[in-house]
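J.: Residue numbers (this note's numbering): 1 to 186.
These are computed hints drawn from the structure, not numbers from a lab. Just so it is clear, CB atoms sit at the ideal spot from N, CA and C, and this is done for glycine as well. Treat the hints with care, since some could be wrong.
[As the list claims (entries may be wrong)] Pairwise CB distance ranges (calculated):
1) Phe-19 - Lys-140: 18 to 28 angstroms
2) Asp-5 - Thr-82: 31 to 41 angstroms
3) Glu-146 - Thr-18: 36 to 46 angstroms
[As the list claims (entries may be wrong)] When the alpha-carbon atoms are kept at most 20 angstroms apart in a straight line, the in silico SDA-like pairs for lysine to any residue are as follows:
4) Lys-129 - Asp-23
5) Lys-27 - Lys-122
6) Lys-122 - Lys-96
7) Lys-132 - Glu-29
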Amino acid sequence: MTNIDTDKFIITDFRSITFEQFDDFVKKEECDNWVLDLQTREDNKQYYEYGCKNLQHIVLLDKKTKDIVAFWLFYLVKQNSTSEIIAEYSNVVNKKYRGQGLGTKLNSLGYRYIVSNWDIRKIYGRIKKSNKKWISSLKKNLDNYEIPAYAGAEQSDIIFMGRHLDFQFPPDMFNKNLDILEGEIK
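Sequences and hints are given; from them, build the entire structure.
T.: The structure is reproduced here in structure tokens:
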């Protein structure tokens, strides 16, 4: 898999966009296949402010227009049954840019970002069952598989797709501040 073309796109974070840009993008892109996951925040404004502070999210911008192309969003979740910390992600690509493999490339970048900064080895996303093309791409291109929903998270229109992150570089090779999210895990 090739990387995101940095001649065409800027890979950045929430600090590079305004709340108005974020909010407009979310409102335009929310549809049958994707909605902003507000499980840990009350509204879009709170989500944006938290994202600016913790830098967990990846934003992809068009290099020429500076328009938002895509988001890769995630947060860490402590599983009640095992006390294991895993990452839950969500991503969306602007309709105009779909079909170019950006979602797959962005997910791959996100997986590497998590592994290089936190000692997290499992990741999953909630995928609408109606998004069959994305489910197929996750299985084919990123070795994702359907995982059982954890207790209380079952939803009839959602499946959980994920994988074990088995990259060969542990976070302590890159990031000596491994407790960066201490107190932020819900």
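J.: All hints are to be evaluated individually against the structure, with a verdict given for each.
T.: Here's how the hints hold up against the structure:
1. Roughly 36 angstroms separates the CB atoms of Phe-19 and Lys-140, a value that falls outside the hinted 18 to 28 angstroms.
2. Range check, Asp-5 to Thr-82: Cβ separation about 39 angstroms, and the 31 to 41 angstroms hint holds.
3. Checking the proposed 36 to 46 angstroms range against Glu-146 and Thr-18 shows it holds: the Cβ atoms sit about 37 angstroms from each other.
4. A C-alpha spacing of about 25 angstroms is found between Lys-129 and Asp-23, which places the hinted pair above 20 angstroms, so the restraint is violated.
5. Restraint check for Lys-27 and Lys-122: the C-alpha separation of about 29 angstroms exceeds 20 angstroms, so the hint is violated.
6. Distance hint between Lys-122 and Lys-96 is unfulfilled; the C-alpha atoms sit about 31 angstroms from each other, more than 20 angstroms.
7. A threshold of 20 angstroms between alpha carbons decides the hint, and for Lys-132 with Glu-29 the separation of about 17 angstroms falls inside it, so the pair holds.
Hints 1, 4, 5, 6 from the list above are not met by this structure, while the remaining hints are.
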